Amino acid sequence: MIDCEQRWALALTALDLLEADASLKGLIIGTAHGPVQEAYADYISQRFNTTKIPTSASSDRLLGALDISQTLALGKPVYQPGLLEQQTGALIINGAERLDTSTCSILSAHLDNPNAPQTVMLVMDESTSEEPGLAGSSMAERLALLIELPVMPLATLQALVNAIKTPTDSESQPANHEDANNLNVCSLEANLVEFPDELLMELTLLAQRLGVDSMRSLLFAVRVARVHAAMHARRVVTIDDAGVAAQLVLSPRALGVEPQQNTAEEEQSEDTTDEHAEDQQEQDHPPTADVQNSNEKTQDEEEEQTESLEDIGEQLLEAAAATLPEHLIANLVRGQRNNNTSGRDAGATSKGTSGRPIGVKRPRGGLSGQRLNVIETLKAAAPKQRLRGNDLSKNVQNKRRLQVRLEDFRITRYKQPTRTTTVFVVDASGSAALHRLAEAKGAIELLLAECYVRRDRVAMISFRGDSAQLELAPTRSLVRAKRELAQLPGGGGTPLASGLDLAFQVVHQLKQAGETPVVIIMTDGKANIARDGSASRSQAMEDAHHAAGQLANTNARCLFVDTAPRARPQARELASILQARYLPLPAFDAQAVPELTRT
Amino acid sequence: MNKVFPFSAIVGQEDMKLSLQMAAVDASIGGVLVLGDRGTGKTTAMRALAALLPLIAVVDGCRFACDPAASDKWCDDCQLRSQATQLTSSERSTPVVDLPLGASEDRVVGALDLEKALTAGIKAFEPGLLAAANRGFLYIDEVNLLEDHLVDLLLDVAVSGINVVERDGLSIRHAARFLLVGSGNPEEGELRPQLLDRFGLSVEVSTPQDIDQRMAIVRLRDQFESDPQAFIKRFSNDDAQISQQIVKARKLLPNVDVPDEALRTISELCVALGTDGLRGELTLLRACRAYAALNNERKVTAVQIQRVAAMSLRHRLRRDPLDDSGTSVRVERAMDAVGLATA
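Residue numbers (the working numbering), protein chains in the order written: chain A, 1 to 599; chain Z, 1 to 343.
Since the hints were derived computationally from the structure, they do not count as laboratory data.
Nothing here was measured: the structure is a model prediction, and the numbers come from that model.
Beta carbons are placed, not taken as given, at the ideal position from N, Cα and C, and that holds for glycine.
Be careful, since some hints might not be right.
Straight-line Cα separation of at most 25 Å, DSS-like style, residue types lysine-lysine; simulated pairs [claimed, not checked]:
no.	chain 1	residue 1	chain 2	residue 2
1	Z	73	Z	233
2	A	511	A	526
3	Z	116	A	361
4	Z	248	Z	17
5	A	76	A	52
6	Z	116	A	384
7	Z	123	A	361
8	A	384	Z	233
9	A	511	A	76
10	Z	248	Z	233
11	Z	299	Z	3
12	Z	3	Z	17
13	Z	3	A	379
14	Z	251	Z	299
15	A	384	A	76
16	Z	251	Z	116
17	Z	299	Z	248
18	Z	123	A	76
19	Z	251	Z	73
20	Z	116	A	379
21	Z	116	A	76
22	Z	299	Z	17
23	Z	17	Z	73
What the simulated footprint calls covered on chain Z by chain A, stretch by stretch (three residues with Cβ under 8 Å from a Cβ of chain A suffice, anywhere in the stretch; the number is not a length) [stated by the list, open to error]:
no.	segment
24	40 to 50
25	94 to 102
26	212 to 221
Isolated chain Z, as found in the complex:
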């Protein structure tokens, strides 16, 4: 087991932490896009969250990490094997898969297993990164520099939860449900708006400028590196609490009620901002629900909308070359316009 910096020990970056937790509660929110400077704890936060999530049960020997409880969704391998023998399962932590920028499509979606093809003459599928990320996190650093066709492909799979492979004479589909987390620095090139829109949440992070906060971060990190075990132990209670909160929220989620007036406010907000399509409304709705569930509330009200509107909508605005004000500012302005007092 390697040492992961505890989630609860991360100082600041509330938006980023919240968005990751919300996405962990409700996967249908879609991916999280984290934009901002280097060295702001993006990677740390994601790995930390994956580490505190409850262990997942996995069928032993399954390359796609099938859930032993959901036999109807098993991959072909598991279906076949289950007829012959009783499948065993074990628990493991949520996987985190890094997708490097230069990764080829073969590597991402999987391809013909060359080893088996050449030595045994068997047509077999060699799973790619998408299979490895099933039921976990897929992290892409500098997603804005990733080639467009790969981003397209990833978002497609992220939304459908199924990876369809039609190549090398193979025709295979397997489950690939993962939380897509992209990060990048907009100054080095931006994502196309079509792709931006497909990320559920978008948060901006910046390096803390407050000297005390910086000190606190350095202190904590330094303590962690000097004695990881003790440090993790110190924060294990807090981490367990967050873990509990997420597990509870997942259960509560279907019971969170969205009254008509809340839905109306959401729609009004989206109209005021002129977001294209209905994706904005849907994501905002889901995000509100997840946020309510996280706070153990059963009803979506203006409070939730206020908190999550910016991160759900900020990346769906039309780029207006004549308006240089930041997108968050524009969301706030729109919230004022529809009568949501900003905190």
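Only chain A is shown next, with the shape it has when bound in the complex:
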């Protein structure tokens, strides 16, 4: 591990590099909100002429558009320039983990555009380890540098901040402030730097060993090494420069380390003093080796697992080839659309600017990136002209225009298609005997394939022993769903009530998010564990009925698949409480399986 000071120094180097050559595009700083981030941001604003881009910026704001209110007021077009049209300096994005995909893609396109102004993008990613950050997104891919700033003691930070202030005041660093907007200081020199073949080879090998597949990252690494060499007035790229490139470009993107010989590790030797580079090569301490080693381990484990899992997955599918009627989910959803009695119009989002137009409304608090619906606006303004002292009949002589005021503004409302999420509630208890469970899994996989085709999401809850778990949070990834299914263990009691309770929670959340939940319950209906975990059959049944009633109240469409070898009235009763469609799985027929797999 490298310590805070070294990381800080590296972060400063990153800024030097960006200042030296704008073709590096930018930097992503992974840091928690706090003094470290503030100190760094402070420093950035000293060095660069900055423009902030709020994460909520609309495309109009980013790319520039007509300012409607001003245009109307002045009677001539007033163009509001976009933030991305900024010609020089740095664009700052704070809290980048909150960027939505459309903003991200506009920014990515901007970074890709060869004619875009030569600005650099400094992106603060405040995501924690639990939530997904920017890393791996198309935008992160297009910015050369990545660095994590650790939380550090205030005293250390103070010392570091003072350290950067002193040289700026004295003569040692030639007046940064004056060329604050002068990017590309070294970009021409960098082109002339010689890049020895063996270093290029080492960088390429390193990228491969770290699992950095993208050629873009590798190319950035090469560029960084060049620029770094040029900054230090070197004619030839040295191992130092390559080391910096590895630290700022490659290792933050690493997925793991292939267990191989350690020669390439020297690449990463951490040196801030160039003179002693050669001497220090031996005592290499790779910056993120610890993390990488642990990654490596888990990756290996995963690989092993997935391999064996694929085997199991195959078997399960063949075991099941499930005997469910085709297009089950499609029918279910259609049914829901027909008798959708809950009056909630969750699909029409007020902010949405895409989808099917469903009438107009007034914009709340001015037009924020939404497009004016001119015709409706004029219609709204027309009857009020006399009130505004604007007699239209006399207008001919006065040549006065229609008076349109802010209150007349109308924008189009859009309805976005609601997303369907299918929630599987799977009984993994001992009573759902082993082969039945396999069959159920197979059935789910078939249904999953169907969900997938219609771009729906799936979630999965399983219950066994004395509790229920959310095995699979709503996802669209079939690969992940398959893996989770294969891992699903079986055995134990049947806490049906807990399973239904959890299903209720998930369904409730989905409804809140404006989605359409569909619940598929696969159980034999023989509840024997009550909500409190006690093994009382009658109490368990009672709880299950209560939970079923609760779930039914959400009005979510339900399908009850009875996995018992012989259908029983209890299960049917439960299904009727759930207001679910009841579907007994026909008896397992081993003969039919190969035939079904063939077709």
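Given the coordinates of chain A, work out where chain Z should sit on it, guided by the hints.
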């Protein structure tokens, strides 16, 4: 003029390069879908191809890039203006238009020109991205994440070549012939099969794992960035050759003969694979013809079918949850079955 990485300097990714060239030869093949990892040169290849294509003649001042030679297909503006004055024209390179993910329908198809409507009170049409892409390339990165209704709309226009605008009290149609190139990573979500089917060709790209190849790519790119002019000059001959090849192929295309037995093989292949509808056959046929034309051959034979079958059909197969083998493998299996030895 900005610096574009030369097409002939792109290492590897033969399928992607070939499919783009074929689509450039015969636009009726339809769009090209490039699926695969990031950083595999998708954007580079497309921009490079657009740059080497012959310049197109465009009526000056036309917002839809009308062809001065095809007066019967002119937009209303050009028709009107041509009655008043003699239209002038100039040459420009093939346009490449990026369609960002969050683009609104207004922006894509065009809409009422607010500026003119508000200040001058004129009902005018403000062309969108589709107009800008006319006679060029329309590139959508992460097409699999694009909203379905937009993809639908794009494919409709791509096939018909006409953009019909019925909105904001406007009723306008204008030519929008472009080559649709979509790219995406299937792990982040897939396209619906209905949409997949409408792309003409589909190729899979992956990052090269061979260390020498990676080195070669880095070397070339590095040289390009250090001295673009010299680099472009170095490859200008090769690029010109490819350009020539495409121009020749376009001329040759109507004369490429498709004998009955080749057509039979194509149909047999599609039946064996169970592709829905006839789009598979048609695309495969066109692709074979374009490939033959590119190689200066006048007759479609098994050679062409073998080469282009996978990229023409791979995305038209029914998803079979019980068959995990890759779609390319299935196409190859089917080719074996109909007696086409795979190379």
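Verification of the hints:
1. 73(Z) <-> 233(Z): Cα-Cα ~37 Å, so violated.
2. 511(A) <-> 526(A): 29 Å, violated
3. 116(Z) <-> 361(A): 23 Å, holds
4. 248(Z) <-> 17(Z): Answer holds: residue 248(Z) to residue 17(Z) is near 17 Å, not above 25 Å.
5. 76(A) <-> 52(A): Judged against 25 Å, a Cα distance of about 28 Å means the pair is violated.
6. 116(Z) <-> 384(A): 23 Å, holds
7. 123(Z) <-> 361(A): 22 Å, holds
8. 384(A) <-> 233(Z): 66 Å, violated
9. 511(A) <-> 76(A): 46 Å, violated
10. 248(Z) <-> 233(Z): Holds, because 23 Å separates the two Cα atoms, which is no more than 25 Å.
11. 299(Z) <-> 3(Z): Measuring from Cα to Cα gives roughly 38 Å; hence the hint is violated.
12. 3(Z) <-> 17(Z): 19 Å, holds
13. 3(Z) <-> 379(A): 50 Å, violated
14. 251(Z) <-> 299(Z): 14 Å, holds
15. 384(A) <-> 76(A): 23 Å, holds
16. 251(Z) <-> 116(Z): 43 Å, violated
17. 299(Z) <-> 248(Z): 15 Å, holds
18. 123(Z) <-> 76(A): 16 Å, holds
19. 251(Z) <-> 73(Z): 21 Å, holds
20. 116(Z) <-> 379(A): Measuring from Cα to Cα gives roughly 18 Å; hence the hint holds.
21. 116(Z) <-> 76(A): 9 Å, holds
22. 299(Z) <-> 17(Z): Given pair residue 299(Z), residue 17(Z) holds - Cα atoms ~22 Å apart, limit 25 Å.
23. 17(Z) <-> 73(Z): With Cα atoms ~31 Å apart, residue 17(Z) and residue 73(Z) exceed 25 Å; violated.
24. 40 to 50: Our answer is that it holds, as 3 residues pass the Cβ test (under 8 Å) against chain A, meeting three.
25. 94 to 102: That given contact holds, which follows from 4 residues of the segment 94 to 102 of chain Z lying within Cβ reach (below 8 Å) of chain A.
26. 212 to 221: Held - the segment 212 to 221 of chain Z has 6 residues with a Cβ nearer than 8 Å to chain A, which meets the minimum of three.
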